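The task is to assemble the complex, starting from two chains supplied on their own in separate frames and drawing on the hints.
Keeping their order, the protein sequence lines are chains A and B. Heads up: the first sequence begins at 1 in the numbering used here, then just goes up one per residue. Heads up: the second sequence begins at 1 in the numbering used here, then just goes up one per residue.
Any given hint could be a false lead.
[As the list claims (entries may be wrong)] Below, a list of computed lysine to any residue pairs in the SDA-like style, where the Cα atoms sit at most 20 angstroms apart:
id	chain 1	residue 1	chain 2	residue 2
1	A	Lys101	B	Arg57
2	A	Lys101	B	Ser65
3	A	Lys106	B	Gln44
4	A	Lys106	B	Asn59
5	A	Lys109	B	Gln41
6	A	Lys101	B	Arg51
[Said to hold, decoys possible] Ranges of calculated distance between the beta carbons of each label pair, as one might list FRET restraints:
id	chain 1	residue 1	chain 2	residue 2	range
7	A	Pro41	B	Lys13	22 to 30 angstroms
8	B	Asn59	A	Pro41	27 to 35 angstroms
9	B	Phe60	A	Asn31	20 to 28 angstroms
10	B	Glu102	A	Glu29	16 to 24 angstroms
11	A	Ile46	B	Glu52	26 to 34 angstroms
12	A	Pro40	B	Ser98	24 to 32 angstroms
13	A	Thr3	B	Phe60	17 to 25 angstroms
14	B	Thr14	A	Glu29	37 to 45 angstroms
15	B	Leu114	A	Leu47	30 to 38 angstroms
16	A	Lys73	B	Ile12	35 to 43 angstroms
17	A	Gln2	B	Leu83	23 to 31 angstroms
Hints are computed from structural coordinates only; laboratory data are not their basis. These numbers come from a predicted model, not from an experiment. By construction, the Cβ of each residue, glycine as well, lies at the ideal position given by its N, Cα and C atoms.
Spelled out from the first residue to the last, the chains are:
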Amino acid sequence: AQTVTQSQPEMSVQEAETVTLSCTYDTSENNYYLFWYKQPPSRQMILVIRQEAYKQQNATENRFSVNFQKAAKSFSLKISDSQLGDTAMYFCAFIRGGSEKLVFGKGMKLTVNP
Amino acid sequence: ETGVTQSPTHLIKTRGQQVTLRCSSQSGHNTVSWYQQALGQGPQFIFQYYREEENGRGNFPPRFSGLQFPNYSSELNVNALELDDSALYLCASSYGTSGAGEQFFGPGTRLTVL
Numbered sequence: 001a002q003t004v005t006q007s008q009p010e011m012s013v014q015e016a017e018t019v020t021l022s023c024t025y026d027t028s029e030n031n032y033y034l035f036w037y038k039q040p041p042s043r044q045m046i047l048v049i050r051q052e053a054y055k056q057q058n059a060t061e062n063r064f065s066v067n068f069q070k071a072a073k074s075f076s077l078k079i080s081d082s083q084l085g086d087t088a089m090y091f092c093a094f095i096r097g098g099s100e101k102l103v104f105g106k107g108m109k110l111t112v113n114p
Numbered sequence: 001e002t003g004v005t006q007s008p009t010h011l012i013k014t015r016g017q018q019v020t021l022r023c024s025s026q027s028g029h030n031t032v033s034w035y036q037q038a039l040g041q042g043p044q045f046i047f048q049y050y051r052e053e054e055n056g057r058g059n060f061p062p063r064f065s066g067l068q069f070p071n072y073s074s075e076l077n078v079n080a081l082e083l084d085d086s087a088l089y090l091c092a093s094s095y096g097t098s099g100a101g102e103q104f105f106g107p108g109t110r111l112t113v114l
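This is chain B alone, in the form it adopts within the complex (with noise of 0.2 angstroms):
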């Protein structure tokens, strides 16, 4: 059994660039959740996407946008990047969006504007 993969590990940009994540669920899982970890803190929730659709979004503004493919991996992409968008950024994939399964993370992409 595959555990959940992120791509790039580290990734250096500046401000005002485009990035992109990406994230291969847990083999069996379809639904896949991204989080923003800055430094010191706990992970906030960006959204999740469920059968390639958005199922749910944090409090981001539309510059964090994401898809989900049919094989259920999934990319999270940032316009527009701000110095405050640095952070570790985690996916965890899960099945089913009721809330009560574990979600499994992956090793996350850390993320530094310059």
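Here chain A stands alone, though its shape is the one from the complex (with noise of 0.2 angstroms):
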């Protein structure tokens, strides 16, 4: 069964720092997609970027850009700029290829102080 621990229940950061949150996976699959999806209190959960195993390269969108270090199973999220409307729950999460299930960590509440 496919696994995602997200360690850190909670970090601060002031406005225009960037700040790093960690995820770590586990899984015997080669094919699978992993994400970063975020949660405001509005509770909509929007999909903040998006990752293919396959692809070596780290993706990016604007602000946000991923570490994805296959071998070791990590998944880091990176904000940078970091502005007060990224204060949210961020979650990340696992599919493997062909799947229907998404697997979600427990989360991590970012809180962005002016």
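Structure follows, in structure tokens:
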């Protein structure tokens, strides 16, 4: 069974700073996808960034980038130039290729302070 | 393009009752997945519907059941409610079942069981 671990329950950062959220996962699969989802207080889960396991290049979406270390089964999210609107719960998630089931970590609460 | 919608927003039931939650998928999507998110936890996969058939199920008892309609909207039914069923129920729609596509989440239904 696949598992996703987010060991930091909570972090805070000042506006405009850079913050890194960590995530590790466990799988014996080779074909899978990794995601970071953001859940603000409004509750709607929003996709932040997506990484295909077969791609060596780290995914980037504007201020968000990942450090994907396949051998170490590590998938961290870096947020540059943090903004107040980044305050949310962040969930790391895994899905095996061909599967229907997203497996989520427990989440991490990020607070960006002015 | 209409996003994923869920109804109702909030619901309060008593133990032993039955509840039906509804989800309208995003335009163009034919797959709906349901997740249960307990307070302080990541979402847990309940089941997925693809073209009106159940396409995978998580570790939930049979009293959790679902339907998908020809327009790809979906219902989640929970019978014999228990206190532990209190949670945020999220539905997500996507196209296909490869696992590669993004799942778009609705805002959720907050169920409280007294």
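Hints, verified against the model:
1. Between lysine 101 of chain A and arginine 57 of chain B the alpha-carbon distance is near 8 angstroms, which keeps this suggested pair within the 20 angstroms criterion.
2. For the proposed pair lysine 101 of chain A and serine 65 of chain B, the alpha carbon gap of about 16 angstroms is at most 20 angstroms, so the pair holds.
3. Simply put, lysine 106 of chain A and glutamine 44 of chain B have alpha-carbon atoms about 10 angstroms apart, close enough for the 20 angstroms limit, and the pair holds.
4. With a CA separation close to 17 angstroms, the supplied pair lysine 106 of chain A and asparagine 59 of chain B stays within the 20 angstroms bound.
5. Of the supplied pair hints, the one linking lysine 109 of chain A and glutamine 41 of chain B holds, its CA atoms being roughly 11 angstroms apart against a limit of 20 angstroms.
6. At roughly 16 angstroms between alpha-carbon atoms, lysine 101 of chain A and arginine 51 of chain B fall within 20 angstroms of each other, so this suggested pair holds.
7. In this structure, proline 41 of chain A and lysine 13 of chain B meet the distance hint of 22 to 30 angstroms, their C-beta atoms being roughly 24 angstroms apart.
8. Judged by the Cβ atoms, the range 27 to 35 angstroms given for asparagine 59 of chain B and proline 41 of chain A holds: they are separated by roughly 29 angstroms.
9. Between phenylalanine 60 of chain B and asparagine 31 of chain A the C-beta distance comes to about 26 angstroms, which sits within the given range of 20 to 28 angstroms.
10. A C-beta distance of roughly 19 angstroms is found between glutamate 102 of chain B and glutamate 29 of chain A, which places it inside the suggested range of 16 to 24 angstroms.
11. In this structure the supplied range 26 to 34 angstroms holds for isoleucine 46 of chain A paired with glutamate 52 of chain B, their Cβ-Cβ distance being about 28 angstroms.
12. For proline 40 of chain A and serine 98 of chain B, the Cβ-Cβ distance of about 28 angstroms falls inside the hinted range of 24 to 32 angstroms, so the restraint holds.
13. The beta-carbon spacing between threonine 3 of chain A and phenylalanine 60 of chain B, approximately 18 angstroms, falls within the hinted interval of 17 to 25 angstroms.
14. Range check, threonine 14 of chain B to glutamate 29 of chain A: Cβ separation about 42 angstroms, and the 37 to 45 angstroms hint holds.
15. Under the hint 30 to 38 angstroms, the C-beta atoms of leucine 114 of chain B and leucine 47 of chain A, about 34 angstroms apart, fit the expected range.
16. A beta carbon spacing of about 41 angstroms between lysine 73 of chain A and isoleucine 12 of chain B agrees with the range 35 to 43 angstroms that was offered as a hint.
17. At roughly 29 angstroms, the beta carbons of glutamine 2 of chain A and leucine 83 of chain B sit within the given window of 23 to 31 angstroms.
Going down the numbered hints, you'll see the structure goes against none, and every one checks out.
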